[in-house]
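Chemist: My request is simple: use the sequences and hints to build the entire structure.
Number of protein chains: 2
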Amino acid sequence: MHPGMVVVLQSTTYPGTTREVLLPKLGAEQGLRVGEDWFLAFSPERVDPGREDWTTANTPKVIGGITEACGEVATIWYAGAIKTVYPVSSAEAAEMAKLLENTFRMINIGLVNELAMMCERLGVDVWEVIDAAATKPFGFMKFTPGPGLGGHCIPIDPLYLSWKMKSFNYNARFIELASEINTNMPRYVVSRVMEALNERGKALKGSRVLILGAAYKPDIDDVRESPALDVIGLLQKKGALVEYHDPYIPHIHHETDGWQMDSINDVMESVKNADAVVIITDHKVYDYRAIVDSAKFVFDSRNATRPFAKDHENVVRL
Amino acid sequence: MHPGMVVVLQSTTYPGTTREVLLPKLGAEQGLRVGEDWFLAFSPERVDPGREDWTTANTPKVIGGITEACGEVATIWYAGAIKTVYPVSSAEAAEMAKLLENTFRMINIGLVNELAMMCERLGVDVWEVIDAAATKPFGFMKFTPGPGLGGHCIPIDPLYLSWKMKSFNYNARFIELASEINTNMPRYVVSRVMEALNERGKALKGSRVLILGAAYKPDIDDVRESPALDVIGLLQKKGALVEYHDPYIPHIHHETDGWQMDSINDVMESVKNADAVVIITDHKVYDYRAIVDSAKFVFDSRNATRPFAKDHENVVRL
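Residue numbers (my numbering), protein chains in the order written: chain A, 1 to 318; chain B, 319 to 636.
These aren't lab readings, by the way, just hints derived from the structure by calculation.
For every residue, glycine included, the Cβ atom is placed at its ideal position computed from N, Cα and C.
With a cut-off of at most 30 angstroms between alpha-carbon atoms, the simulated DSBU-like pairs for lysine-lysine come out as follows: (1) B:Lys-484 <-> A:Lys-142; (2) B:Lys-401 <-> B:Lys-535; (3) B:Lys-614 <-> B:Lys-602; (4) B:Lys-460 <-> A:Lys-142; (5) B:Lys-555 <-> B:Lys-590; (6) A:Lys-205 <-> A:Lys-238; (7) B:Lys-628 <-> A:Lys-83; (8) B:Lys-520 <-> B:Lys-556; (9) B:Lys-628 <-> B:Lys-523; (10) A:Lys-237 <-> A:Lys-296; (11) B:Lys-484 <-> A:Lys-310; (12) B:Lys-343 <-> B:Lys-484; (13) B:Lys-590 <-> B:Lys-523; (14) A:Lys-166 <-> B:Lys-460; (15) A:Lys-217 <-> A:Lys-205; (16) B:Lys-535 <-> A:Lys-142; (17) B:Lys-460 <-> A:Lys-83; (18) A:Lys-205 <-> A:Lys-296; (19) B:Lys-520 <-> B:Lys-590; (20) B:Lys-401 <-> A:Lys-142; (21) A:Lys-310 <-> B:Lys-401; (22) A:Lys-217 <-> A:Lys-238; (23) A:Lys-310 <-> A:Lys-272; (24) B:Lys-628 <-> B:Lys-602; (25) A:Lys-272 <-> A:Lys-237; (26) B:Lys-614 <-> B:Lys-555; (27) B:Lys-460 <-> A:Lys-217.
Computed footprint of chain A on chain B, listed as stretches where at least three residues anywhere in the stretch have a Cβ under 8 angstroms from a Cβ of chain A: (28) 358-371; (29) 395-407; (30) 413-427; (31) 442-449; (32) 453-464.
Over the 10 angstroms line for every Cβ pair with chain A, so calculated as not near, a few chain B residues: (33) Glu-354; (34) Ala-514; (35) Lys-535; (36) Gln-578.
Modeler: Given below as structure tokens:
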């Protein structure tokens, strides 16, 4: 630590981290006074990977200092690089704002995932329902169901808050529920695949299953926390012969579960040979019509086959 | 029922109502064939009371028929009066779309209500946190906490879906949780008022409490399901001497709980005399600065006092 230094934590974390963890660790050494000799603030990252309309430079930046002076110094510092800075009264307020943003997403994805499960029982097309609701021009925001949460933010960050609240004897119920529902989605997808194969007189055990897409969202090469990992693992445990293809992820090494796999080379060849093709990530590069035309059976967890799913008896959507 | 008649249900209801309840009831009498001799569809209302930018005429209208012909006839019929019609494949899809819209609101209000309770334990200003999160220009929608849900839609409609799902042995967990949290908010508000009075050395029992605003949202005269009713009832049960003022609601008659009350006449006189003023509805007509300046103590469940709350030790916000 040098006198005059400005330290800003940007990683999402539980409320209180900046003050309770960073401040004593960084400031203790030389006896420097925070807010006078050095400055400490929290200012969350707000990047949506792959997005081009909102970047670091034009996305408003929330900044909260450990002291008023810390907030002021950090705000001046950021104002040089970022179009809109938004100071709040404390590091904790900034920490909580970021947690709210991610919790909002996690919960709303949990809601539509539960909606998908309800619609299945009701015999209603969940994708049609969501698109219809999304025509409401106010008071609604569209989220879509899927095989589970992925990436290193949305599935994990809200659990920091949930963990912190336990020390206040408070059970963060929405976070716990959304986590439970979202974490269960790979299992739900596998059970739907097994049911659909069963209807076709086939056991999942011994069936050839091709997973299309392993990244946690389309058109990126990030497999962190991807539901594809869970789906592959669960299918294997039930005795399916699993292959996967992802143009952006040539190899998966799942250390904790102890398996690895290479992306297959010839997609269409594998599509033809598979007993079930399971779309996990709706990469744009795939020719979904050709896939649906060639496959014996497709389970589509992303509604990628929408335009032609209705004419094909071999397609089942989430 | 006359031949050629078009019947459209617009009230929000559980999925299946149009087909399972209306169809047999209306069609059975004369043996008319639905989709040929008469037409039945569901097309939900989408009115936000008090709103002027989006009206019935310019808000897209979702329409789902009992048969394809029913949907087509109803769509043609509405297209004469409404700018955008949005046909879906069934009455059930239209029913579910409306339930999703209202469930989305109920759940997100539940989330920020829970956030308010968490922020209180963490010592963070929930309103500041929400405003900071709302500076995110994508992927976030702002909802605000409050003393509980009101009106005849948001608190009730999602429970139709929850009820229906029970017949499928499915527990609609998000709806149940949001309902539990939102329904508890009046109780939470009363406990916060009691705590704040206690800190000032006063018992709630025997204290004069003035409720400001009884309508379920600002600047309207609708008291249906308003949390003010619950807050008043709970305060009375704990022995408070409760008065209320609402410029739009001169009289409340709570039939099920067996009490009635008139709105007081002189707001500022009552504000001065009250041991606690509790803001339940943030009607625009109130002079919040004058109220805060005159009151012994204000509990603000709507952040109506924001601009001057920080300078006043006698204001506690949700």
